[in-house]
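A.B. asks: Given next are the chains, with one letter for each unit.
Protein chains: 2
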Amino acid sequence: MNKETLIQVHEKVKPYVHRTPVLTSELLNDMCGSKVYFKCENFQKMGAFKMRGAINTILSLSDEQRKCGVVTHSSGNFAQALSLAAKKTGVKAYIVMPKNAPQVKKNAVIDYDGDIIECDSNPIAREETAEKVRREKQATFIHPSNDDQVIYGQGTAAKELLEDQPELDFILTPVGGGGLIAGTALAAKYFSEKCEVIGAEPKNVDDAYRSLQSGKIEFNDNTNTIADGLRTHLGDRNFPIIKENIKKIIRVEEEEIIQAMKLIWERLKIVVEPSSAVPFAALLKEKNEFKNKNIGIIISGGNVDLKNLPF
Amino acid sequence: MNKETLIQVHEKVKPYVHRTPVLTSELLNDMCGSKVYFKCENFQKMGAFKMRGAINTILSLSDEQRKCGVVTHSSGNFAQALSLAAKKTGVKAYIVMPKNAPQVKKNAVIDYDGDIIECDSNPIAREETAEKVRREKQATFIHPSNDDQVIYGQGTAAKELLEDQPELDFILTPVGGGGLIAGTALAAKYFSEKCEVIGAEPKNVDDAYRSLQSGKIEFNDNTNTIADGLRTHLGDRNFPIIKENIKKIIRVEEEEIIQAMKLIWERLKIVVEPSSAVPFAALLKEKNEFKNKNIGIIISGGNVDLKNLPF
Chain F
1 MNKETLIQVH EKVKPYVHRT PVLTSELLND MCGSKVYFKC ENFQKMGAFK
51 MRGAINTILS LSDEQRKCGV VTHSSGNFAQ ALSLAAKKTG VKAYIVMPKN
101 APQVKKNAVI DYDGDIIECD SNPIAREETA EKVRREKQAT FIHPSNDDQV
151 IYGQGTAAKE LLEDQPELDF ILTPVGGGGL IAGTALAAKY FSEKCEVIGA
201 EPKNVDDAYR SLQSGKIEFN DNTNTIADGL RTHLGDRNFP IIKENIKKII
251 RVEEEEIIQA MKLIWERLKI VVEPSSAVPF AALLKEKNEF KNKNIGIIIS
301 GGNVDLKNLP F
Chain P
1 MNKETLIQVH EKVKPYVHRT PVLTSELLND MCGSKVYFKC ENFQKMGAFK
51 MRGAINTILS LSDEQRKCGV VTHSSGNFAQ ALSLAAKKTG VKAYIVMPKN
101 APQVKKNAVI DYDGDIIECD SNPIAREETA EKVRREKQAT FIHPSNDDQV
151 IYGQGTAAKE LLEDQPELDF ILTPVGGGGL IAGTALAAKY FSEKCEVIGA
201 EPKNVDDAYR SLQSGKIEFN DNTNTIADGL RTHLGDRNFP IIKENIKKII
251 RVEEEEIIQA MKLIWERLKI VVEPSSAVPF AALLKEKNEF KNKNIGIIIS
301 GGNVDLKNLP F
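So the sequence lines, in the order shown, correspond to chains F and P.
Just so you know, we're using the numbering used here here: the first sequence kicks off at 1 and counts up by one.
Just so you know, we're using the numbering used here here: the second sequence kicks off at 1 and counts up by one.
Read the hints as simulated data drawn from the structure, not as lab findings.
Predicted model, so just to flag it, every value in this text is computed and none were measured.
Treat the hints loosely; a few may be bogus.
Copies of the same chain are indistinguishable here, so a pair counts whether it falls within one copy or spans any two.
Simulated crosslink set (SDA-like; lysine to any residue; CA at most 25 Å straight-line) [claimed, not checked]:
id	residue 1	residue 2
1	Lys88	Glu266
2	Lys92	Asn204
3	Lys92	Lys106
4	Lys35	Pro21
5	Lys137	Asn292
6	Lys287	Ile124
7	Lys216	Ser25
8	Lys87	Glu266
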């Protein structure tokens, strides 16, 4: 991984993504005792930063590969992201999803012309089904977070944030599969002298926190968190980057996530999904550590069911 | 009223207000068959465009007037706006509010150091109490919408929108007390060759629609609408401007307001109050009239009780 490649990736994805705005709130600054800059990837196309990695991966394929399409397994934002990125580039996207995934998530993929292949709701069925599609269609498998091109793509959000706010002391990101925090760590390393990247994770799925402690990829026994984008674990492509660059992961309780989410809705006036509120919850929890600093927070996405809010 | 004054007003208020972003959504464009530019005054300080008029009015006072403070009657966004504008300029703000106003609205004023004076919940008590405060404190009364400086101030939102999007064919605004649409009409007249301003109003409180028809200020028999910022009627300062410049007011049903609000939350990922959704509801209702046009919509505010959503 190197700086020049991340610069090229950013140029390549620019025509396909929004340069999302950075929002601030005096009241939230006062609450935290620091200056907080929210990079609003909830305003990104399809509503999440995942569009960046998805489009970069497809743009990196050969013509031959593009003809056969791409396949992934996801019932979350990456399913939509890959479908939309594929649609924009005239590529076929096969999305492996559990049979019992909510209809609203299936519809979102269908809206972007993604081709859903259903499987049983367990990791083995999911991977076997994806592998079957890959073989049958000669499609390229794209992992939602454990892929170099995905990592570079996700890093473009922090690159933009540092262009807008070069004086950041810290960037906080949520940690799910590890693609966002790995890309953010690269961007901070390449484009800032001093900016340190810190992870934020629900205590109930603190696999990344434990992975940093043990030095190997850890897993979650259960996935019982409202932050449904963060239930996954790290992978062999992103973990080395995380291990080398991330010194700290802050863990937060479910109630802290909900309160932080409510504050963001009420004060920033933006719709964010629970996973997006995790880094702000972490900042509130350890605000004394960040006194008078300039903090960037990546608001990861805004795809939420309005009928099912936690407040 | 003249162009030069509006330019000066904009320079004067700039240090006190956010230049709010303009958001777009491909999906909403496709739904409407036009290009829609949302001017996000929900991101304005205190969460609504009202800050613009409030600060301009206070900045227009003499030193003598500033010493004695300002008084208004409002239980809505103008109460907060005048309190915050007064606080920022070291002026005392007296806010007349009905005894039975929700505590959350009282707290918002108290947060901005506004001084609440309670009155009975009827228009006569409200005006008498404001007049009493005015006399006792020698304070300057500032009407939330029927005031030239307020009208100029509110016009700065459309001025910014036209600077960002000079090719607008139409700007749609909600119509409540008339300050926003009057200011917007002036901005469009001064800063665009072709942009026409259209009002949007809940059918249940269609006083402005009827006023344009009859040629005199009409009132509402009841105020039964979810768009609680639009229950008021026009005044003698803004009605002449509206009569001269506004050709059309589109009326929408309550259910149309709720559906438009939900679309804005889901697709633009922003928190808006029901009044803000009225112009977009109007556009959806008459989308055939606006085919392939460039439409600006002023999102008036984002102050909403998350515990009491209509969807």
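A.B. asks: Would you pick out the hints that fail for this structure and give their numbers low to high?
C.D. replies: 2, 5, 6, 7
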